[in-house]
Amino acid sequence: MRLRIGVLSIVGVAAVTAAVIGGMSVLIVRAHRAALLAQLSRGADQLCETIAGSTYYDMLENHRERLHRQILTIGRQPGIERVRLFNATGTIRFSSDEAEIGRALDKKAEACDACHAAGQPLQRLSRGQRTRIFRAADGRRMLGMIRPIHNEVRCWSAPCHVHPRGESVLGVLDVNLSLAEADRQIAGDQRQLLLLAVIAIAASSLLLWWMSRRLILRPVEALIAGTRKVAEGDLHTTIPAGARHEFGDVARAFNDMIRRLGEAQRQLTQADKLASVGRLAAGVAHEINNPLTGVLTYASFLHKRTRDQPEIARDLEVIVRETKRCRDIVRGLLDFARQTPPQRQATDLNAVVRRAVAVVMNQLVIDRVALSFELAADLRPVPADANQIQQVIMNLILNAADAVGKEGGTIRVRTREVAVPPHGHAVIRVARCPKGCDLLDPSVRIGGHPGIRISRKHDDQDAVVHLDPVYGRVNHRASAPAPQGVLATHACPQCGAGLEVPDHSCGACGGPVFAVLTENKGRVEWCSRQGCHRSRWAAMDACGPQSMAELAVEDTGHGIAEEDLDHLFEPFFTTKGHRGMGLGLAVTWGIVEGHGGSIEVQTQLGGGTRFTVRLPVAPAAAVPDAAGGEGARGAA
Amino acid sequence: MSERWDVLVVDDEPVVCEAIRMVLEHDGLEVACVADARTALAHPALADCRLAMVDVMLPGPSGLDLLHLLRRRRPDLPIVLMTGYATPAIAGSVREAGVAAFLAKPFDESELVEQVHRVLETTGVDGEEKRP
Numbered sequence: 001m002r003l004r005i006g007v008l009s010i011v012g013v014a015a016v017t018a019a020v021i022g023g024m025s026v027l028i029v030r031a032h033r034a035a036l037l038a039q040l041s042r043g044a045d046q047l048c049e050t051i052a053g054s055t056y057y058d059m060l061e062n063h064r065e066r067l068h069r070q071i072l073t074i075g076r077q078p079g080i081e082r083v084r085l086f087n088a089t090g091t092i093r094f095s096s097d098e099a100e101i102g103r104a105l106d107k108k109a110e111a112c113d114a115c116h117a118a119g120q121p122l123q124r125l126s127r128g129q130r131t132r133i134f135r136a137a138d139g140r141r142m143l144g145m146i147r148p149i150h151n152e153v154r155c156w157s158a159p160c161h162v163h164p165r166g167e168s169v170l171g172v173l174d175v176n177l178s179l180a181e182a183d184r185q186i187a188g189d190q191r192q193l194l195l196l197a198v199i200a201i202a203a204s205s206l207l208l209w210w211m212s213r214r215l216i217l218r219p220v221e222a223l224i225a226g227t228r229k230v231a232e233g234d235l236h237t238t239i240p241a242g243a244r245h246e247f248g249d250v251a252r253a254f255n256d257m258i259r260r261l262g263e264a265q266r267q268l269t270q271a272d273k274l275a276s277v278g279r280l281a282a283g284v285a286h287e288i289n290n291p292l293t294g295v296l297t298y299a300s301f302l303h304k305r306t307r308d309q310p311e312i313a314r315d316l317e318v319i320v321r322e323t324k325r326c327r328d329i330v331r332g333l334l335d336f337a338r339q340t341p342p343q344r345q346a347t348d349l350n351a352v353v354r355r356a357v358a359v360v361m362n363q364l365v366i367d368r369v370a371l372s373f374e375l376a377a378d379l380r381p382v383p384a385d386a387n388q389i390q391q392v393i394m395n396l397i398l399n400a401a402d403a404v405g406k407e408g409g410t411i412r413v414r415t416r417e418v419a420v421p422p423h424g425h426a427v428i429r430v431a432r433c434p435k436g437c438d439l440l441d442p443s444v445r446i447g448g449h450p451g452i453r454i455s456r457k458h459d460d461q462d463a464v465v466h467l468d469p470v471y472g473r474v475n476h477r478a479s480a481p482a483p484q485g486v487l488a489t490h491a492c493p494q495c496g497a498g499l500e501v502p503d504h505s506c507g508a509c510g511g512p513v514f515a516v517l518t519e520n521k522g523r524v525e526w527c528s529r530q531g532c533h534r535s536r537w538a539a540m541d542a543c544g545p546q547s548m549a550e551l552a553v554e555d556t557g558h559g560i561a562e563e564d565l566d567h568l569f570e571p572f573f574t575t576k577g578h579r580g581m582g583l584g585l586a587v588t589w590g591i592v593e594g595h596g597g598s599i600e601v602q603t604q605l606g607g608g609t610r611f612t613v614r615l616p617v618a619p620a621a622a623v624p625d626a627a628g629g630e631g632a633r634g635a636a
Numbered sequence: 001m002s003e004r005w006d007v008l009v010v011d012d013e014p015v016v017c018e019a020i021r022m023v024l025e026h027d028g029l030e031v032a033c034v035a036d037a038r039t040a041l042a043h044p045a046l047a048d049c050r051l052a053m054v055d056v057m058l059p060g061p062s063g064l065d066l067l068h069l070l071r072r073r074r075p076d077l078p079i080v081l082m083t084g085y086a087t088p089a090i091a092g093s094v095r096e097a098g099v100a101a102f103l104a105k106p107f108d109e110s111e112l113v114e115q116v117h118r119v120l121e122t123t124g125v126d127g128e129e130k131r132p
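Protein sequence lines correspond, in order, to chains Z and B. Counting from 1, one number per residue, gives the positions in the first sequence under our numbering. Counting from 1, one number per residue, gives the positions in the second sequence under our numbering.
Treat the hints as calculated values from the structure; they're not laboratory data. The model shown is predicted, which means the values in this text are computed figures rather than measured ones. Heads up, a few of these hints could be off.
Calculated Cβ distances over 10 Å to all of chain Z for the following chain B residues [unchecked claim]: (1) His68; (2) Gly84; (3) Val99; (4) Pro106.
A few chain B residues that face chain Z, going by a derived Cβ cut-off under 8 Å, partial list only [unchecked claim]: (5) Glu13; (6) Val16; (7) Arg21; (8) Val23; (9) Gly28; (10) Leu29; (11) Cys33; (12) Met57; (13) Tyr85; (14) Ile90; (15) Val94; (16) Glu109; (17) Ser110; (18) Glu114.
The beta-carbon is built from N, C-alpha and C at its ideal position, and this holds for glycine as well.
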């Protein structure tokens with residue numbers, strides 16, 4: 001059986017409260033009762049003395065009738081149950097209860113017990129010893145007080161009758177008072193205490209219930225619900241973390257853990273996707289290409305031999321066309337998985353554009369898309385793999401056509417030569433700490449390039465920062481924000497080596513700078529002051545602007561949503577639903593990167609998109625190799 | 001009767017072999033088909049064929065191994081390499097050993113015929129000389 005913490009603690013606290021209040025009540029009632037009885041017995045004692053005093057002469061002078069009347073009168077007073085006087089042998093001589101006069105009392109009777117319990121009468125008894133509590137025949141509780149009447153000179157010398165001189169106790173005065181009133185008071189006290197105890201237990205239980213619900217149960221329930229969601233695979237879940245006590249800490253730790261778990265999973269998924277597409281593509285190529293060869297060869301052979309039978313020829317043409325489509329899909333997969341290094345030759349970009357357009361023109365006419373060119377006549381040849389670049393242009397134009405949609409629109413293809421400064425375009429492709437740790441993190445890509453992962457510290461606050469790998473651009477990502485203007489220190493997240501450069505300072509604000517090392521292009525420096533975006537890459541600045549051939553494909557389509565921009569170049573990311581595999585832009589990005597170029601996208605939702613590809617215009621030998629080199633230009 | 005062959009096809013995929021045989025025989029060429037490298041090296045066609053078409057992925061010794069062995073046996077023999085999946089390693093071997101043509105699977109009838117004729121024409125004189 002599952003027990004709830006709240007119920008358990010309420011039961012526990014109620015038990016403790018009940019025990020404490022119960023014990024206290026018993027002590028209080030007992031003390032109260034003792035005080036009441038002491039007061040009553042004092043009163044009874046005084047009454048005894050008063051009776052003894054007022055009847056003294058009646059007894060001495062033997063006025064029996066008067067003594068009898070006095071005792072009757074006193075016995076009728078409220079609260080007094082009975083007054084009686086018995087002699088030394090225990091015979092009741094006078095009593096307010098006339099029926100018992102003359103009756104003899106046994107020495108074992110409760111009234112005689114005080115003196116005769118030990119077997120013989122005691123001469124002097126304390127008040128306590130003379131007091132007794134007993135039950136009357138009808139069951140009511142009584143307090144009895146006895147007062148011995150001692151022999152004295154005037155008793156045994158009086159002429160009336162003679163009490164022998166040798167007797168010490170001549171008789172006993174016994175006064176019985178009702179305890180009904182006292183018992184009522186005590187019972188009332190007990191009732192009050194019980195009520196108070198119940199109220200105290202109920203109040204403390206209620207308070208505890210409320211507190212446990214508010215402070216423990218709700219946070220625990222939220223935590224359980226959050227854990228269940230995570231177990232179901234929802235890594236975007238968070239639980240309320242506003243509380244300032246320990247459960248707030250737990251909630252914050254939980255949220256932080258889930259956030260990190262989500263990040264790790266996304267990175268793994270991304271890496272996994274890339275690995276599996278490679279395996280898948282290779283497997284598919286092996287398995288599918290052989291049967292496709294059979295189908296394609298037989299079908300095209302038959303097609304050639306049946307040209308005089310148009311009906312059959314038409315059907316065979318469909319088979320050949322569709323088989324070739326299968327071939328293209330497999331090749332698309334392979335292109336992506338293989339990422340072959342480009343076979344570069346001096347290439348006329350304008351000619352490649354015209355070839356690419358010729359291939360896709362049919363599709364554009366069907367889609368009622370108007371295509372316009374603005375091709376720079378003086379464009380110098382670029383060292384490029386014409387087939388790969390043609391694929392890039394086709395991909396971009398077909399994407400643009402998809403964006404424009406069936407309603408028709410305009411696509412503009414433009415080429416020109418531009419001088420691109422390193423600042424804002426050069427990509428840092430190797431980044432190391434002073435001890436040589438690789439700082440590039442392929443799992444966090446900024447504009448498609450791996451970010452530079454460093455750790456940042458200011459005022460005891462640590463954060464992981466991914467620096468934008470494009471020189472001069474500031475799309476840095478930080479795990480936590482830092483206030484503007486604060487000076488932070490930066491270190492290698494792997495070995496902890498500090499990245500600050502002591503003898504350099506920021507050209508803009510004069511503050512300290514930190515740096516990472518590149519392969520053979522010196523170091524890149526950033527200002528350590530938050531919000532000061534100055535960075536410096538001296539070796540690249542010295543190279544000056546580089547000539548690039550620029551190809552822009554613009555459409556008047558629906559544009560790209562802000563949240564999709566980050567994923568645009570990821571494999572299998574598609575906004576086309578079932579119509580696309582999500583490989584086009586990933587392949588495009590890979591080809592442009594392979595050429596040491598860059599690809600940039602500008603878009604406005606509903607207002608169209610422009611993709612800008614830049615390729616270096618330089619002899620093939622001078623183009624930095626994509627795999628090992630660095631500093632290739634472009635505005636990614 | 002002594003058999004003569006123009007083309008030796010080495011591919012473990014029967015449908016590919018038969019397709020090539022059908023197309024090339026229709027074109028007037030004699031075609032011998034084998035499924036692996038060992039059979040190819042033992043086949044009488046190797047003595048006087050004018051062209052070898054070799055698939056890269058073969059059971060046992062690979063097409064690239066066979067390429068080097070054929071180079072030793074028949075340095076003059078033009079070789080057309082076929083594959084459905086070109087890797088950098090394949091490209092390196094191809095550059096090293098030298099092949100007359102590279103045929104990416106899947107190919108259609110005209111691609112096959114064009115490549116074979118181009119190779120036979122450029123090495124045609126040698127081929128004719130070898131024929132008795």
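Status of each hint after checking the structure:
1. His68: About 22 Å separates His68 (chain B) from the closest Cβ of chain Z, which puts it past 10 Å; holds.
2. Gly84: Nearest chain Z Cβ is 3 Å from Gly84 (chain B), so the label is violated.
3. Val99: For Val99 (chain B), whose nearest Cβ neighbour in chain Z is about 16 Å away, the distance exceeds 10 Å, so it holds.
4. Pro106: violated (4 Å)
5. Glu13: OK, holds: Glu13 (chain B) within 8 Å of chain Z, min 4 Å.
6. Val16: Holds, about 5 Å.
7. Arg21: violated (10 Å)
8. Val23: Result: holds, 5 Å to nearest chain Z Cβ.
9. Gly28: violated (14 Å)
10. Leu29: violated (14 Å)
11. Cys33: Violated - the Cβ of Cys33 (chain B) stays beyond 8 Å from chain Z, reaching only about 13 Å at its closest.
12. Met57: holds (7 Å)
13. Tyr85: holds (4 Å)
14. Ile90: Violated, because the Cβ-Cβ distance from Ile90 (chain B) to chain Z comes to roughly 11 Å (cut-off 8 Å).
15. Val94: violated (13 Å)
16. Glu109: Cβ of Glu109 (chain B) sits 4 Å from chain Z, so the hint holds.
17. Ser110: holds (6 Å)
18. Glu114: With Cβ-Cβ at 12 Å, over 8 Å, it is violated.
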